[in-house]
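Student: So the chains spell out like this:
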Amino acid sequence: MPRYGMVIDLKRCYGCYACVMACKVKNYSPPGVFWARILKGERGSFPNTVRQALPVLCMHCENPSCQEVCPTGATQTLDNGIVIVEKDKCMGCGACIMACPYGARYSVEEWESYFPEGLELSPYEEFAKKAWEEKRGIGVATKCDFCRDRLDTDSEPACVEACPANARTFGDMDDPESEVSILIRRHRGSVLNPELGNEPKVYYLEPR
Amino acid sequence: MDPKVEGQIQTEWRWLIAIYLFLGGVGGGAYTIAAINSFLGEALEPSTIVGLWISFPALIIGSLCLLADLGQPTKAVLAGMKPGTSWIARGFWIISIFMVVAMIHTWLALFGNAGESLLRIVAVVGVIFAVSTMGYTGILLGASKGITFWRSGAVPIVFVISAIVTGHFAIMMGLVLLNTPEALEALRPMAAEAAALVVLEVLAIVFFLQMASRHPDPRESVERLLSNKTFVIGYVLGGLVTPLVLMLLLYREMVGTDAGTILAMSGLGAALGLMGGLILRWGVLRFGALPTLNVAGFEFRRVARPKEPKPEIGLLPPQ
Amino acid sequence: MTAPNQQQIEDDVWIPTSCGQCYCMCGIKAHRQNGVITEIKGNPDAPTGRGSICPKGLAAPHLLYDPYRVNYPLKRTNPEKGLNVDPKFVRISWEEALDTIDKKLRECQERDPRGLFFQATTTQASEIRFGVIAFMKAFGTPNYWVSGGGLHCGNGAHFMNGIMHVAWSIIPDFAHCNYALNFGCSKGHGAGHVAVQNATQVADARYRGFKNIVFDPFQSAQASKAHEWVPIRVGTDGAVALGIVNSLINEHGIYDAEYLMYKSNAPYLIRPDDGHYMRDAETDKPLVWDLVDQCPRVHNDPLVTRVEYEDTAHEVALTGTFTVNGMECRPSFELLKEHVKKYTPEYVEKISWVPAQSISRIAKEFGEAAEIGSTVTIETSKGPKKIPKRPAATHFFRGSQGHTNSGWTCLSIDMINHIVGSGDTWGGGMGLGAAVGQGYEPTGKPYQIPYPCPDGLLVAKTWVYDHKPYPLRDPKPPTRLDLHDMFPTSIYNAFTITDPRWFEMLDRFDIPYRPDVMVNFGSNSVMTMGNSETVTENFLKKFNFVFSFQLYITEFEEAVADIVLPDACFLERYTPAVSFPSTFSHPQGEDDWGWTIRQPVVEPMLERRDFNVVMLDIAERLGIPGRFYKALNDTIPIRYGGEMDPKYKLKEDGSERYSWEDVTDRLLKDRFGEEHGLEHVRKTGVFTWPKKKEDVYWKWFNPSRIPIYFEYFIDAGEKMTEMWDSYGGNDFFEFDWTRFKALADWYPCPTHTEEDPEYDMHTFYWRTVVHCNSMTQQNPYLDECAQEDPNIYGVQMHKRTAEEKGISDGDWVWMENPEGHRVKGWVSLSEGIEPHHLAISAINGHWGKYMPIAKGKGAFFNDLVEMDLDHTDPLTFNQDICCRVKVYKMDREEV
Ligand SMILES: Nc1nc2c(c(=O)[nH]1)N[C@H]1C(S)=C(S)[C@@H](COP(=O)(O)OP(=O)(O)OC[C@H]3O[C@@H](n4cnc5c(=O)[nH]c(N)nc54)[C@H](O)[C@@H]3O)O[C@H]1N2
Ligand SMILES: Nc1nc2c(c(=O)[nH]1)N[C@H]1C(S)=C(S)[C@@H](COP(=O)(O)OP(=O)(O)OC[C@H]3O[C@@H](n4cnc5c(=O)[nH]c(N)nc54)[C@H](O)[C@@H]3O)O[C@H]1N2
Ligand code: SF4
Ligand code: SF4
Ligand code: SF4
Ligand code: SF4
Ligand code: SF4
Ligand SMILES: [Mo]
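Protein chains in written order, with my numbering: chain A, 1 to 208; chain B, 209 to 527; chain C, 528 to 1422.
Keep in mind the hints are simulated off the structure, nothing from the lab.
Since the structure is predicted, the reported quantities are computational estimates derived from the model, not experimental observations.
Where is the CB? At the ideal position from N, CA and C, for every residue including glycine.
Certain hints may be false.
[To be verified] According to the in silico footprint, chain B covers these stretches of chain A (three or more CB under 8 Å from chain B):
(1) 65–74
(2) 89–98
(3) 117–124
With the rest of the complex left out, here is chain A:
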């Protein structure tokens, strides 16, 4: 059984938002939901300023604080390391949203259209609404699931596939010869805020 993880190479990433959009388009998330997200940072003062984008998503923590607080058992870690929310068990208490230090979780109270109120849904939005309600649900916690429905067909997560800079690599953390393992080893990959103790399976490579 693989143990899935991701490496995001900040030296490659130029903050283009393709991953954000790929995730939206693949998962039909309504407004305000960004399972994949870009944060923008700046350091230094003029002219020694540097800007950097930080792509974030669910870190699929080894020690997932979201799962710890979940009263119903809806949040679980699969054998392949992917942390998921089982829609039918989730009561939407939001504890996991508060417990996730990476801000990876979102719940929507109502599938809202992207267009102004009062309009009929477009065929695309109708599809999107149905897909979201069926697969993700309303009033429940949702988050990145490493596109696990795509993994059976052997393809990569949508955000990985879309990234023009090939900044995202997905694979088996347990296999020392997998691309992710090699990248982490070779470039001394690290995780975000290790002091939190969540042990993310999403690793970052330094921007410079």
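Starting from the known structure of chain A, arrange chains B and C with the ligands on it as the hints suggest.
Tutor: Quick look at chains B and C with the ligands alone, frame taken from chain A:
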């Protein structure tokens, strides 16, 4: 649109959860005071009776608020599945058992003719769960790893103290409403206790905010909390300072001792204190800031500009 | 909202096609489920993307299904036109719309067909070559422009890169380049050209240790990923580039003598009297000085010519004075060497605010990185060949180009490449979308191998528009409404047609007709060109009748359209050639060639109809379909390299009607053989064939040279002056004809000469990856994404500057130019911008009532852009897009 930058704060838990935590605290606090009273053999003191009367409905209403806040209330039955790790699940059981105990206690105290010893046993069990409930309201926040502001160990302390304070004020309020001579009798000594408790709360809150200010993310929460009008006026001034002053005045007999004055001052102080307790919880919830993420010397503070308002429908091309 | 005629299809397919959210036109695949497009992703089969994609492409389902799309023909019922006028559109039938158009066009044809003016969007570039170009030719009008396109876009770059690289733009050979200078473009960093492939290439390059030095007034995406960010004052890149040329040649003594001797006109001997070439009396060919035999020789004498690197030849003189025909001639290189001496690092610092030491240091680093003298061996179709390895390159586009010094700035920046010999060789400064290729082997098409003119200079075999950038045609008495015929160094201009004296001018220049009917395909010129009021009042309102193919009712339609026709979007139509002619839609580098097409993923919804289909329809009604087909047949060899096989030519007598499916099929079969028609190509959306290495690194396989000395500009200028004067043109505009000369210089923009200290800020615009020009702001996915970013809708301002002006983060401000035009926006404070600059993104700030998502988001820069000659490059007519402004807080009520 107001494009001012704000650090990102949680948006998930708002008033309903604040009310839930507040009423959980009131219920726990009122019960604890009542139970201790009954423990001390003053089972039929008006304050005991009022305390018991308050706790159960407070817990029920609080739980209903939680239920209303759930995205999927029908699945609430699953809430107790994982008490091994989840404080919500533990809370589910704690509050459920506490409600049952409180109900039994109330029943026994008012209508039952149970013996002193049974009442005591019930009270001991009840107090254990009442304290747990009060503690739980704080620990629940403390378990939220995503919000550093809540994680300083001080939140449970503040919430437990505040729970007792609000429970106490709730009882005073009940006494005011009861408006019997016995009730009137009880109010002044209670004012003394209230003043002491509020002082304790002030100390706790100062300690809490100070602790929180040590690190940048919770400091942001503190700063925003202290620059929030509702919090400063509603809690600091309205919910702490004013009740404290009122209670002191009442206790030191610096104002008239006629029934009207006592009732009015107690009522006002208690109402403000209760309001303060609610605003305290709301404020602590509202300004829970997400942690800054650090990589390679960059700080990614999840700054968000408030979104543009949802667009107006505008004009559709003629169809 | 499904088309009534579209039966419910039960299917689940991925259709390969080409994106149309920007002009990069990447290969994509669209997922169709039960007749609805539900997802889009990159097409791994297409070299234009290789499976990668950007957020705009991904967000396209919302373009297709946007409830604000125009779905029926509309008619203006309010005769009044202008900004903020309610057009009172009503729905009409296609029949009525086409009848009216037919009538107006017939009237126009009768008055003078040249009264028809075509305006098109740059963004749907591949469609323009069919419905626009062919119809114009069939109808008989020369009047057209690509709205904001040419003026802002590439008037400077396309012209100059066409001369130097037979390419639309330039780019480092990212795969091998080690050191690049980026002058104001985002190539490889989100926007710009061939966006996603370049992003892949540049990310790989960063791992190889590739160093990018980015000159930009703010920390753009490219600057943030750069080895070094050099804040620069807008509009001064030309000075910096010439400073680097000076520093290379005169300070560090670094230049590639071999390249200059055999691949440029650097050795051409220049007459001392008039600056022209010294020519051979007999052949009239320019002469060079043979250093071995110590005698003059014509430039292409085999003794002094090296086509391939391994050829041998005599060395020729790059410096010195030589007496030829009794005159003391000097090689043009020496003139250049002398000429650039005035661009000392200190002088350049004063202009550009780039520290003098930086200029000198960067020149040295660049020169060293070029590894002059080194070679590599590449595997060509004729075996292994040695070519120069020059892993250093410069590139540029919108930023440095959008100024009144545009033409010379473009040349100066590119000159750096040619000084170190890195032009179109391994690791060097390459033509992006260079028209160089031997074609698909079995058919030899598209054949586009450039060749030398009699003077030895590079001539493109194929080009995107009819007249090639070189050789320059002679100025002709004007026939076009913008007098373009007189100005061979430009494609079109704005300062004539937006001038209040336009009609007087037409009288004076003997133009016997007036603007009559305008056809607009896509463009929103009210927003994309410059000050919206100037454009609307002085230009657009001068047309008697305007009909517009659009997806939305934009500010343009609101202001002036009489009829709006609901176009199909790129997901609903056929386009026969998307990545060709290879401009911005074809990657540089060794990956395969790919001819992409567009095919409908869904049928046009409701009453939408494809622009190209309708133009054919109109041609038919007018009785000119034969001419339309002929025009198509005629333009194909120019743009797509190689005559059409008669078998596939369209019948020119109008006896047969072709669909765009047919045209696509014929074009594909003609290019790639009978078996590779539409049926074959539609499976993958692209036809690919291997690129030969000698087509990638073509410099040392081609007998042509590039100019570093623009001898022919001298004549061109003289001819133009003469003609201009003969009409008394100076009564209207006083041109700075001195810009028509042989050697590069930097010229200040009005921004640099503004003296009033109140106007202390420089503004400019930049592209965000999230939006394309003025067209994606209505897409709610992209709009939401833009709101996630602090800088897309905000006006970037330096923290310190803001403090001095009492402005805080998020405050609303006015930015007002010296002409009194002002725009508003809210500021986003940062340390990532030069303190005297304000940066505004995209073409935001829509106000149209029919685009509610776009409305009010971001600042509308272009109202600050003045459309007069003062703000136009006299050489290429590129528009100046840097503005001096004063900035002040808005009153609360105004917000
Ligand atoms: N402030 C500012 N001004 C600029 C620029 C800038 O970056 N900032 N960029 C400049 C440059 S380089 C350029 S090229 C120009 C571009 O200026 P334009 O050529 O006017 O291009 P867009 O803004 O892309 O406008 C495209 C229009 O075409 C419509 N459209 C899109 N697809 C289709 C289609 O399939 N059919 C039809 N009929 N219509 C379609 C869209 O709705 C939109 O209104 O703007 C220039 N002006
Ligand atoms: N995402 C996206 N992609 C696009 C487009 C789009 O709108 N969005 N538009 C397409 C079109 S029409 C075009 S023409 C291309 C253009 O593509 P590019 O030419 O790459 O244009 P920009 O991305 O605007 O990059 C220009 C850069 O120059 C900087 N700059 C501005 N003024 C100056 C100056 O005076 N000197 C220097 N050194 N820098 C300066 C700006 O800050 C900006 O970072 O992109 C195409 N691709
Ligand atoms: S798609 Fe890739 S380059 Fe773009 S923001 Fe995401 S990770 Fe960065
Ligand atoms: S990132 Fe957050 S949601 Fe994801 S596994 Fe970790 S704690 Fe859970
Ligand atoms: S919201 Fe759902 S997944 Fe999250 S903690 Fe509550 S029940 Fe578990
Ligand atoms: S892995 Fe899939 S679900 Fe997760 S962020 Fe990427 S696209 Fe979204
Ligand atoms: S770069 Fe342009 S063509 Fe390519 S996917 Fe993005 S919007 Fe489409
Ligand atoms: Mo452009």
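Student: Would you mind marking each hint as holding or not holding in the structure?
Tutor: Each hint tested on the structure:
Figure legend: the stretch 65–74 of chain A, annotated as covered by chain B; annotation consistent (9 residues with Cβ-Cβ distances under 8 Å, at least 3 required). With a cut-off of 8 Å between beta carbons, the stretch 89–98 of chain A has 9 residues touching chain B; three or more are needed, and the interface restraint holds. Only residues whose C-beta sits within less than 8 Å of a C-beta in chain B count toward coverage, and the stretch 117–124 of chain A has 3 of them, enough to reach three; the restraint holds.
Of the numbered hints listed earlier, not one is contradicted by the structure.
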